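Enquirer: Protein sequences, first through last, are from chains A and B.
Positions 1 to 428 (my numbering) are the ones given, in order, by the first sequence.
Positions 1 to 291 (my numbering) are the ones given, in order, by the second sequence.
Don't read these hints as lab results, they were simulated from the structure.
These figures come from a predicted structure and were not determined experimentally.
A few of these clues could be false.
[Unchecked claim] Below, a list of computed lysine-lysine pairs in the DSS-like style, where the Cα atoms sit at most 30 angstroms apart:
#1 B:LYS53 / A:LYS269
#2 B:LYS145 / A:LYS189
#3 A:LYS418 / B:LYS53
#4 A:LYS346 / A:LYS333
#5 A:LYS179 / B:LYS139
#6 A:LYS61 / A:LYS367
#7 A:LYS199 / B:LYS53
#8 A:LYS232 / B:LYS145
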Amino acid sequence: MVKFVRALSAALAAVIVAGSFVGCGSKTSSNNAASSNDNTPVTITHWLWVDSADYMQTMNKIADDFHSKYPNITVKMQTYAYSDFSNTLTTALAGGGGPDTASFKLTWTPAYTQNNYLLALDDAVDKWEGKSEILPMLWDKMKEAGGGKIYTMPWTWQVLYVYYRPSYFKAVGIDSVPKTFDEFIEDIKKCTTTINGKKVYGFGLRGASGGQEPWGSFIQAYGGRFADENNKVILNSPETVKGTQVFIDLYKNGYAPKTAVNDGLAELKTMFNNGQIAMFIHHIGSSVDMVKANGDDIDAFPVPKGPGGQWTSMGDTENVVIASTKHQDAAIKWVEYLASADAVKKWDLATGNLPVVSSVAEAAEFKDNKFMKVSMESQSYAGIFPILPTTANWVNNVWAPVMQQALMGKISAEEAVKQLDAQLKGQA
Amino acid sequence: MKKKIHWAPYLLIMPAVLFVLLVVAYPVLNSIGMSFQNYNLMIPGVRGFVGFKNYITVLTDSLFYQSLLNTVIWVVFGVGFQFIFGFILALILNTSFHARGAIRATVLVPWVTPGVLIGLMWSWMYDGNYGVINDVLHKLGIINKFIPFLANPSTALPSVIVTIVWQGIPFFAIMLLAGLQAIPNELYEAADVDGCSRIRKLFNITIPSMKNTIFVTTMLRIIWVANSIDVIFSMTGGGPGYSTHTLSVYAFKKAYGTLDFGIASTLSIMLTLLLMIVEFFYLKNFFKDAE
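Please work from the sequences and hints to get the whole structure.
Expert: Here it is as structure tokens:
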């Protein structure tokens with residue numbers, strides 16, 4: 001019996017050790033207490049994500065240029081994967097650590113401002129000489145996100161559109177890009193065939209995280225809406241169900257690859273480059289890589305207008321100053337510099353993003369870019385997801401598993417929309 | 001006469017005890033404490049004691065039961081097949097053959113490979129468009145069309161189970177091999193004299209002699225597999241839908257996906273309690289047989 005008790009104790013200890021991984025957080029902090037008001041050297045930490053490791057060279061160059069302009073301020077970069085970025089930042093800030101400045105998304109704003117994690121930048125922006133250079137609609141969006149205050153400095157923006165392979169359109173007899181959503185669906189069906197001896201799917205459907213953006217275009221084309229003018233969630237409607245059903249049917253009826261439920265951006269780009277899909281929805285950020293892979297056999301058209309409306313997702317990246325920073329002045333100077341014409345031009349030329357500075361957007365390198373033209377064409381009906389405290393969680397953790405169940409036929413389109421509506425309202 | 005207390009042993013083990021208290025007791029107690037609190041980093045100002053509310057929330061959540069069922073399937077089939085194949089491999093490695101030493105070292109490769117790397121490697125092997133498994137099956141004429149193993153709810157969980165089985169076989173093989181080598185050869189010689197068949201020797205000598213080794217290895221592996229998330233997370237993230245969503249994946253996603261540490265701690269404690277119950281009956285039966 002003694003043996004048994006001893007062994008039991010050992011087993012319990014082992015179980016508890018193995019089962020108790022929750023409860024450990026991370027904490028980082030800035031290591032420099034000096035202010036930048038005088039010329040005392042300060043180091044600020046900037047957290048960001050990059051879509052390609054190559055882009056860090058450009059970011060380091062921008063930081064070097066900033067250091068040349070303000071020799072007493074050094075910027076230390078730390079990169080994190082986008083998929084975990086917001087959660088890593090929140091966890092660090094909740095633990096009393098985190099960076100001085102960070103890249104950011106507008107939809108995250110309420111979750112951060114309600115925790116007082118961000119520094120309001122209204123006064124700094126009013127005094128900033130570059131303010132008038134920024135596209136006015138961006139200030140409006142940022143104010144809307146901050147409930148009337150500005151917490152973010154603009155950095156880049158992108159609009160989603162449809163990439164397509166012109167040679168496939170020609171092969172199946174499509175003369176011009178679709179102008180209506182019905183034509184778009186028809187063209188997807190036409191492109192789902194064998195071209196040059198290869199099985200081609202008309203549409204690269206994104207069922208993994210991030211797929212909510214293309215899906216948003218589908219539901220709004222049929223009249224569905226995320227929220228009303230008072231930001232009240234009205235997702236659960238027959239129109240949203242209709243758009244969702246069209247989205248699901250593309251998968252169910254074989255117009256999208258069988259792997260679609262798990263496909264994310266990397267998979268879609270690989271399949272497009274390998275000629276397995278004729279179309280997919282993403283923004284200009286993918287154009288640099290994809291032109292390298294496909295040469296002239298890639299083009300784009302705006303997300304077409306449906307019977308109930310036209311909408312595409314506007315992607316955005318801003319920079320924020322963390323409220324707890326000990327180097328407020330230096331941090332503000334850094335995020336202002338990132339939004340300057342010089343830094344924006346360098347970054348957007350390297351990454352293919354849309355400039356937030358009007359004078360840069362007018363430069364020939366951007367104006368003559370065919371993907372930039374489609375982006376600008378789509379700007380008038382581009383929108384963002386409703387900015388609610390629940391949005392970040394809904395986007396990161398809710399949409400994909402719910403839609404995957406609907407795509408696999410485990411739940412109906414009605415049930416999927418009902419669940420998505422409830423979760424966005426924070427009711428589930 | 002008063003017995004003299006020898007302090008030296010206590011002083012010698014004190015650093016280890018303090019270290020264990022710091023890295024084990026504190027996180028465990030903290031997790032227990034958080035499971036009774038509203039502790040969501042995304043919702044400020046509501047942190048505080050809520051009694052058993054988190055436990056009620058978890059017990060009335062249908063996803064908890066689906067995750068529990070997936071966990072049971074994951075552990076039973078994962079550990080079960082690891083044991084069966086590991087035992088077969090141990091029996092093979094216990095025989096004499098050319099380059100036995102090199103092969104014994106090679107079979108350890110899956111066990112020493114990091115779980116995330118294994119997950120990524122197997123996801124590419126299973127890939128529904130370019131995966132080598134589909135390619136081989138197609139070329140052999142076994143399938144007509146590529147199967148999206150990880151995108152289909154009926155094949156996703158079996159696929160990740162195959163991966164964890166592949167990873168865990170070497171652990172059982174090496175541990176059981178050590179047990180096999182400790183069995184006195186005289187027992188087999190006596191059995192030979194009595195005319196026992198190989199199967200009889202396996203069930204009447206080998207397995208009973210290795211009972212302790214089998215017991216310890218399976219108990220450890222049940223705990224590890226139930227708590228493991230690296231392979232599932234890197235292969236499917238718990239999806240598609242919730243078809244590979246186990247309790248440990250659920251706890252991890254609640255903690256680091258939604259930053260709800262209250263519910264995540266509750267799920268962890270529930271999993272710990274369930275494992276303790278399983279291990280309790282396991283130990284009880286083992287010692288009953290031993291006595």
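Enquirer: Now tell me, hint by hint, if it's right for this structure.
Expert: Status of the hints after comparison with the structure:
1. B:LYS53 / A:LYS269: 45 angstroms, violated
2. B:LYS145 / A:LYS189: Given that 30 angstroms is the threshold and the Cα spacing comes to 20 angstroms, the pair holds.
3. A:LYS418 / B:LYS53: 25 angstroms, holds
4. A:LYS346 / A:LYS333: 18 angstroms, holds
5. A:LYS179 / B:LYS139: 42 angstroms, violated
6. A:LYS61 / A:LYS367: Cα-Cα ~24 angstroms, so holds.
7. A:LYS199 / B:LYS53: 53 angstroms, violated
8. A:LYS232 / B:LYS145: Distance of about 46 angstroms is beyond 30 angstroms: violated.
In this structure, the earlier hints numbered 1, 5, 7 and 8 are contradicted, and the remaining ones agree with it.
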